[in-house]
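The sequence shown begins at 1 in my numbering and counts up one residue at a time.
Each pair of labels, with its calculated beta carbon distance range: (1) 69 - 2: 16 to 24 Å; (2) 20 - 196: 43 to 51 Å; (3) 143 - 2: 18 to 26 Å; (4) 100 - 54: 52 to 60 Å; (5) 191 - 143: 19 to 27 Å; (6) 9 - 131: 17 to 25 Å; (7) 23 - 109: 56 to 64 Å; (8) 143 - 96: 52 to 60 Å; (9) 109 - 16: 45 to 53 Å; (10) 115 - 44: 14 to 22 Å; (11) 16 - 126: 35 to 43 Å; (12) 100 - 17: 52 to 60 Å; (13) 88 - 16: 39 to 47 Å; (14) 20 - 114: 46 to 54 Å.
Rather than coming from a laboratory, the hints here were simulated on the basis of the structure. The beta carbon of each residue, even a glycine, is placed where N, CA and C say it ideally should be.
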Amino acid sequence: MGFLKGTATFRRYRVVGDEPPDFRTFLDRQIKLHAFSGLAAGSDEKSMGWTSIDNVLDTDFEYANYQYDEYALFSLRIDRKILPPSLLRVKTMEAEQQYLKEKGLKKIFREQRLELKEAIRGDLLKTAQPVPSFYEVCWALSGGWLLFGSLSEKVAEDFEDLFKRPFSMQTVPFLPWDPAFLDDAVVRSLAVLKQERTQT
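Using the sequences plus the hints, can you model the full thing?
Structure follows, in structure tokens:
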């Protein structure tokens with residue numbers, strides 16, 4: 001829980017896009033609509049959604065408990081089913097041996113091998129337990145920026161994709177020198193410096 005206490009590792013974003021007129025109501029509806037709901041039974045490998053920052057089992061967000069003054073604090077939960085490659089390899093080899101024995105063949109063709117591997121993979125995923133991961137989000141609602149508690153590119157892509165869907169806004173990595181977001185005084189000072197450099 002780095003954003004509430006302790007230390008935190010994070011990446012910073014600007015939030016770009018038009019806010020709806022009644023933004024707080026919109027935020028409340030959308031965060032609940034895209035709350036974490038778990039993996040459906042079957043061979044789905046990943047599920048993600050929002051949870052409360054102080055209780056990862058809370059996906060109801062009663063009384064807008066994610067709002068802390070001008071900030072929205074919540075977590076992204078991602079559950080993944082992870083298959084050890086060695087387990088998939090051994091189970092596939094066993095299935096290939098059984099297939100050759102049943103068919104009375106000496107060799108298995110590539111197409112059959114791939115079909116068997118996919119079938120085995122699906123069976124293993126049905127029984128695999130998902131591994132949950134949690135990443136904190138601190139959104140400065142009036143400031144137009146947010147912090148996301150992960151430096152992993154893969155996790156950041158999942159976050160950016162999920163954030164865009166409910167909120168219809170885009171997250172842009174924060175670059176302090178991005179000219180599109182510099183205030184007027186800084187832009188003027190930079191222009192003067194640039195002009196002075198070209199004259200010398």
